[in-house]
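Number of protein chains: 2
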Amino acid sequence: MTSSDTAKKTAKDPWELPDVSGLVVGVLGGTGDQGRGLAYRLARAGQRVIIGSRAAERARAAAAELGHGVEGADNAECARRSDVVIVAVPWDGHEQTLRSLRDELTGKLVVDCVNPLGFDKKGAYAVVPEEGSAAEQAAALLPGSRVTAAFHHLSAVLLQDPETERIETDVMVLGEVRADCEIVQALASLIPGMRGVFAGRLRNAHQVESLVANLISVNRRYKAHAGIRLTDI
Amino acid sequence: MTSSDTAKKTAKDPWELPDVSGLVVGVLGGTGDQGRGLAYRLARAGQRVIIGSRAAERARAAAAELGHGVEGADNAECARRSDVVIVAVPWDGHEQTLRSLRDELTGKLVVDCVNPLGFDKKGAYAVVPEEGSAAEQAAALLPGSRVTAAFHHLSAVLLQDPETERIETDVMVLGEVRADCEIVQALASLIPGMRGVFAGRLRNAHQVESLVANLISVNRRYKAHAGIRLTDI
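Here the protein sequences come in this chain order: A and B.
Letter by letter, the first sequence follows residues 76 to 308 of our numbering.
Letter by letter, the second sequence follows residues 76 to 308 of our numbering.
The hints are simulated quantities; they were obtained by calculation from the structure and are not laboratory data.
Intra- or inter-copy, both count: the list cannot distinguish identical chains.
Taking lysine-lysine and the DSS-like style, the derived pairs with C-alpha atoms no more than 25 Å apart in a straight line are:
1) K197 / K87
2) K87 / K298
3) K196 / K87
4) K298 / K196
5) K197 / K298
The model shown is predicted, which means the values in this text are computed figures rather than measured ones.
Required output: the full structure, derived from the provided sequences and hints.
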């Protein structure tokens, strides 16, 4: 065996992803459009999902509407009972929510999908968090958690539409630890039409988060719910 | 006719693009990989192309290699003789090149495709120009030009490979003036496999430019020349 054969043998297939069927997925901000849509798609794909909200009652009502076994709880209980916690709160509440859940999120795999955007008469524009990105803010606030970033470019309209069977888009997954990213990639890949694709470290999260401002322009011009597909992979 | 019929009648088809066959396209930095690849693809699609370089001799030699009628000139002559000028210089030389060509670029449609990136042991990362993006820097330096941004996410390897017939990717085009963007969209759409898609104002150029850092991570992980396709449009 030559050394190049060895290299090939040890180079892991990037599409070989772990079995995530046993993991409970929590969605903080799960009563908002994005959170509700993600919860619906993952539950419909067979995942056990708990949506969180500040008010448990509201979360339970939204969960009942979503069906597919989705449960509702307050954010703290949602975080505590989940293995993977998707952060889908509005950017305005991002820092405060994560700060208040630091203990519950310790040891958890956190998936930040928040897009820090501002809006004015000319449309949407990128807001730059002091830490560089929402994901880096999460990492700074949650030193005991495994922070990744993903699910930024999905249309909440398509996610929530029960008539839409497939959503043709890729999910760019960012993070520092390969095994953590692969869990998130595997979750994204459960949703028909989607692939979870590794797309870099957290320091490159800002441009992924803020690209949503461009997708908003695309949607407006082309009357669409645009997504992103990576080609040649 | 109802008012909604009128609205429909006046809403322009976003895919209806102008005839650009008569325009001369210049490529500043046309001897670099990206510039050479763009010049090659546009000329191969039938466009008249002039590549520019600091040294005319070098530009002429590169042009002769590219064939398809591509001409070479120094950057100033390239700018003067072109209707549309693609800026494909390295980020390091961006400011100086544009500053020195302000007169030649007056009145021209400038297409900035520069990606301000830094590199270290952990890979590529976004550099934030003082003006917000390379495109906004160009707009600040060239008040008499019509500045747009496009062609950021194309693989120089695929662009330059004569065996590659189609490049399956979309070109995100940014700018302030619809008619200018549509010319650039039309040029991008000449290349088989590509569509030129309007994707927002220049203030949203930074994330488009720096997304290349993420594509570099994708390429590394998946051994690919990744591009971006917008879905649902």
